[in-house]
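Colleague: Letter by letter, the chains look like this.
There are 2 protein chains.
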Amino acid sequence: MFCKRLNILILLSLIVPVYAAAGDAGVQAAPNGLELPEGYKDWPVISISHRIDNHTLRVIFGNDIAIKAARAGQTNPWPDGAILGKVVWKETAKENWPKAIAPKEFVHAEFMFKDTKAYKTNGTGWQWARWVGMEQKPFGKNAEFSKVCISCHTPVKSSDWVFTTPAQLP
Amino acid sequence: MFCKRLNILILLSLIVPVYAAAGDAGVQAAPNGLELPEGYKDWPVISISHRIDNHTLRVIFGNDIAIKAARAGQTNPWPDGAILGKVVWKETAKENWPKAIAPKEFVHAEFMFKDTKAYKTNGTGWQWARWVGMEQKPFGKNAEFSKVCISCHTPVKSSDWVFTTPAQLP
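Chains as they are written, first to last, in numbering that gives the first Met the number 0: chain A, 0 to 169; chain B, 0 to 169.
If you are wondering where the hints come from, they were derived from the structure by calculation, not from laboratory data.
Being a predicted model, the structure only gives us computed values, none of them experimental.
Possibly wrong hints are sitting among the right ones.
Claimed, not checked - Negatives, chain B to chain A, calculated, CB over 10 Å: (1) ASN31; (2) GLU37; (3) SER46; (4) HIS49; (5) VAL58; (6) ILE64; (7) ALA71; (8) ILE100; (9) ALA101; (10) GLY132; (11) LYS140; (12) ASN141.
Said to hold, decoys possible - Okay, the calculated bits of chain A under chain B, using three or more residues with CB under 8 Å as the criterion: (13) 35-44; (14) 141-154.
Stated by the list, open to error - Capping the alpha-carbon separation at 20 Å, the derived lysine-lysine pairs in PhoX-like fashion look like this: (15) B:LYS146 / B:LYS85; (16) A:LYS98 / B:LYS85; (17) A:LYS103 / B:LYS85; (18) B:LYS40 / A:LYS85; (19) A:LYS93 / A:LYS67.
Glycine included, each C-beta is placed from N, C-alpha and C at the ideal position.
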């Protein structure tokens with residue numbers, strides 16, 4: 000009886016850290032093993048965009064390494080350890096200012112992780128991941144999903160596979 | 000001679016803290032005495048917008064108190080101590096994705112400071128300030144400039160004088 004309780008406690012102590020490392024509220028990892036970066040909603044902004052082709056608004060932000068590189072103008076290439084995040088919303092016209100387009104439904108949060116050694120084999124030095132919807136469901140059926148990301152980013156290969164230019168700030 | 004040097008040292012010790020309190024690189028205070036909040040570029044995002052009337056893109060972010068309130072949905076009224084910041088850029092079409100509108104020249108950074116007691120006399124509980132251009136020059140010839148801010152914000156008096164609705168996030 001004592002041993003059974005002890006085993007349960009040991010089991011719990013093993014489970015809890017795994018959930019803690021998985022990021023916000025134990026969100027499931029992407030099919031390539033990448034975890035949703037914890038606290039990404041608190042990261043500083045690198046830039047924003049309004050895609051008028053698919054009617055979405057975007058914030059692009061970065062972890063400490065990415066922000067430091069963006070502010071120093073050292074983004075081609077971005078340094079190892081940089082993580083770029085992009086949050087996407089459907090657009091709406093603001094009720095109190097109809098000539099302003101603002102975010103409505105949350106669509107997804109997607110990330111690029113830079114590590115020239117770890118992600119050498121795919122030819123980019125980056126790895127991609129996306130979590131979809133308010134339930135933050137990992138995108139992709141298996142690890143092959145990132146081929147879609149790489150294909151879309153190939154036109155910006157010469158800017159280290161990144162579409163974003165850091166916005167001007169004082 | 001000794002006293003003169005001592006006086007200079009005392010004078011310097013009085014001047015230096017004033018500059019240190021003035022925020023980023025000693026930016027001049029607004030005509031109403033408000034200081035540019037130090038580190039505002041690192042604040043988390045509350046929302047963004049694209050004004051198609053004057054062709055500008057905006058990020059709205061907040062200090063710790065504002066972010067906590069935004070995420071808790073407690074923004075009418077916003078709590079005392081909340082500071083909302085808005086950075087404005089002129090728009091441009093992205094070279095690598097022409098159907099995406101992105102920031103170009105930095106226009107200004109403007110702020111709303113909530114303190115129901117300190118800013119009771121103007122009837123809003125808020126005080127406003129703006130720093131213009133990359134040189135971050137304070138907006139307004141004298142403290143009366145905030146009448147312009149209040150006039151523009153009067154249509155949103157019922158949402159605690161704030162245009163922004165926090166964007167949906169998981």
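Colleague: Next, verify each hint and record whether it holds.
Modeller: Hint check results:
Against chain A, the non-interface label of ASN31 (chain B) holds: every CB pair exceeds 10 Å, the least being about 20 Å. Here GLU37 (chain B) stays apart from chain A, with its beta-carbon at least about 13 Å from theirs, past the 10 Å limit. The Cβ of SER46 (chain B) sits about 6 Å from the closest Cβ of chain A, inside the 10 Å cut-off, so the non-interface label is violated. Not every Cβ of chain A is farther than 10 Å from the Cβ of HIS49 (chain B); the closest lies at roughly 4 Å, contradicting the non-interface assignment.
Non-interface status of VAL58 (chain B) relative to chain A is broken: a Cβ of that chain comes within 10 Å, the nearest being about 5 Å off. Every CB of chain A lies more than 10 Å from the CB of ILE64 (chain B), the least distance being 14 Å, so the non-interface label holds. At the 10 Å boundary, the C-beta of ALA71 (chain B) stays outside the reach of chain A, the nearest C-beta of that chain being 14 Å off. The beta carbon of ILE100 (chain B) sits about 4 Å from the closest Cβ of chain A, which is not more than 10 Å, so the claim that it is off the interface is violated.
With 10 Å as the threshold on Cβ separation, the claim that ALA101 (chain B) sits away from chain A is violated: the shortest Cβ distance comes to roughly 5 Å. Against the 10 Å criterion, GLY132 (chain B) falls within the reach of chain A, whose nearest CB is about 8 Å from its own CB. At the 10 Å boundary, the C-beta of LYS140 (chain B) stays outside the reach of chain A, the nearest C-beta of that chain being 22 Å off. The Cβ of ASN141 (chain B) lies farther than 10 Å from every Cβ of chain A, with a closest approach of about 23 Å, so its non-interface assignment holds.
Check result for the stretch 35-44 of chain A against chain B: holds, 5 residues qualifying (beta carbon to beta carbon below 8 Å, three or more required). With a cut-off of 8 Å between beta carbons, the stretch 141-154 of chain A has 1 residues touching chain B; three or more are needed, and the interface restraint is violated. For the hint pairing LYS146 (chain B) with LYS85 (chain B), the CA-to-CA distance comes to about 18 Å; that is within 20 Å, so the pair holds. Between the alpha carbons of LYS98 (chain A) and LYS85 (chain B) the distance comes to roughly 17 Å, so the proposed pair stays at or under 20 Å and holds.
At roughly 19 Å between alpha-carbon atoms, LYS103 (chain A) and LYS85 (chain B) fall within 20 Å of each other, so this suggested pair holds. With a CA separation close to 17 Å, the supplied pair LYS40 (chain B) and LYS85 (chain A) stays within the 20 Å bound. At roughly 33 Å between alpha-carbon atoms, LYS93 (chain A) and LYS67 (chain A) are farther apart than 20 Å, so this suggested pair is violated.
Hint compliance for this structure: hints 3, 4, 5, 8, 9, 10, 14 and 19 are broken, all remaining hints hold.
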